[in-house]
Each structure stands twice: as C-alpha cells, then as structure tokens.
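Quick mapping for you: the protein sequence lines, in order, are chains A and B.
Numbered per my numbering, the first sequence spans residues 1 to 115.
Numbered per my numbering, the second sequence spans residues 1001 to 1112.
Any given hint could turn out to be false.
The calculated DSSO-like cross-link candidates involving lysine-lysine, where the alpha carbons are at most 30 Å apart (straight line), are [stated by the list, open to error]:
1. LYS62/A with LYS1069/B
2. LYS83/A with LYS1104/B
3. LYS1104/B with LYS11/A
4. LYS44/A with LYS1069/B
5. LYS1104/B with LYS44/A
For the chain B half of the interface with chain A, some residues (derived, Cβ under 8 Å), not all of them [unchecked claim]:
6. HIS1045
7. ALA1085
8. PHE1088
9. PHE1102
10. LYS1104
Computed, partial: chain A to chain B, Cβ under 10 Å [to be verified]:
11. TRP22
12. TYR35
13. ALA88
14. CYS92
15. GLY107
No wet-lab data here; the hints were simulated from the structure.
Each residue gets a CB set at the ideal place from its N, CA and C atoms; glycine is no exception.
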Amino acid sequence: EAGVAQSPRYKIIEKRQSVAFWCNPISGHATLYWYQQILGQGPKLLIQFQNNGVVDDSQLPKDRFSAERLKGVDSTLKIQPAKLEDSAVYLCASSSLQDRNYGYTFGSGTRLTVV
Amino acid sequence: SQQGEEDPQALSIQEGENATMNCSYKTSINNLQWYRQNSGRGLVHLILIRSNEREKHSGRLRVTLDTSKKSSSLLITASRAADTASYFCATATLSGYSTLTFGKGTMLLVSP
C-alpha cells in the first residue's frame, strides 16, 4: 500500500511570505493529522481531521495558520504570514478508525526554513 | 503540551549491546506507542501497548508498561548501527479522538 505523500520536501521562504503544504493520506484512512516538529523536539499536534471535519485544532495558531481537507481525502496546511519561529518540519499522518491499535502512518514531512 | 518525557535524552552504545529508553507520562492513557525517526525523515511506528498490557515483544524490541508508575520502557536488544535514530514515546488518552501526544525523544547512537 502506498504511504502518506507530502510535498514539497523542502521550502525556504522569507518572513511575512505565505506557504502551503500538501498531504495525501493512505487511501481509506478517515483521520488525518498535521504535526509541527521544531528541531530537537517531539512532534506537536496542530490539527486533526475526521473525514472532512476538524476535531482538534486547539494548538493551531489560527491568526496565521489554516488547514482544510477536501472531500475527506487530501489536505493542505497554509501559513500566512510566516514568522521565523515557524521554521520546523511539518508532518502529516493518517490513521484508520478500524485499525486504531496500529498507530499512525507518517509522511516524510516538509522542512520549512523561514529567513 | 507534551505528555511523555523520555529518558535519557541521548544514548551512545556499541553494536551488539542492548539499549534501554524510558518514558514517563502524566495522565491516564488508552495506549502508549513508540516511534523511530531517522534523521530528516518521518516517524515510523514501532510498537503499541494497551493500558491493560504489561509487556509486548516485536522482533528485537521489548516494551513494558507500568500504569501505576505512569511509565514505559523500550528495550532494543543486540543493537545494530542501523538502529541509530531518535525514539519517541507517544500516548493516546482515554477520551475524545485519542490524539497522540509525543515526548521529546531519545537520540540513540549505535557505533560499529
């Protein structure tokens, strides 16, 4: 089975610019997650989707971050405007409601550098 | 906020030795999971242990869970250079949609 696809792999932008990341989860996985991982730290959940709906976005900086999941499949995460502290790896993951005891499948991530 | 805290932060061993990493957490959990992350890559799920389980094995991995102490350990036996990576514990809570909360990780270096 294909894994979780993310693009781009790397992105360098200047502060105050905008950027978007794309994620395609494993086919059939109802739940999709975006995590932010700052260098030297563990991943921190930004937002969780169940099909089309948001079930947890409590740690998403909503003044600059937004995310959507189209038709319960692909998802995009946007930052506008970016700040220096947004430099991190953005990880997308998906999981199945039926296989909740098998963990998440992560994509390779997008490494964002804000200069 | 981070639920799990791994110990040690870094561990350096020789090939063939065993590596033990510990994880402590704060609130009641549904399950605890361990993930591996190679440099610059995504996380790979290693093993999941439910709150009603005490020990689980998968190949060279052994995980224990002590819910009374709110702690878990990951043992990698007969380590190899390819085991060099960061290891994270993640906890899934009892309520809601069971979101995973990750610790800061243990960086393991296995030297040939």
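Quick rundown of the hints versus the structure:
1. LYS62/A with LYS1069/B: Distance ~37 Å between LYS62/A and LYS1069/B Cα, so the pair is violated.
2. LYS83/A with LYS1104/B: Given that 30 Å is the threshold and the Cα spacing comes to 23 Å, the pair holds.
3. LYS1104/B with LYS11/A: holds, 24 Å
4. LYS44/A with LYS1069/B: The given pair, whose Cα atoms are some 24 Å apart, holds under the 30 Å limit.
5. LYS1104/B with LYS44/A: holds, 10 Å
6. HIS1045: holds, 3 Å
7. ALA1085: violated, 13 Å
8. PHE1088: Hint on PHE1088/B: holds, closest Cβ of chain A at ~5 Å, below 8 Å.
9. PHE1102: holds, 4 Å
10. LYS1104: holds, 5 Å
11. TRP22: Since the shortest Cβ distance to chain B is 15 Å, the answer is violated.
12. TYR35: Interface hint status for TYR35/A: holds (8 Å vs cutoff 10 Å).
13. ALA88: violated, 13 Å
14. CYS92: holds, 9 Å
15. GLY107: At 5 Å from the nearest chain B Cβ, GLY107/A passes the 10 Å test, so the hint holds.
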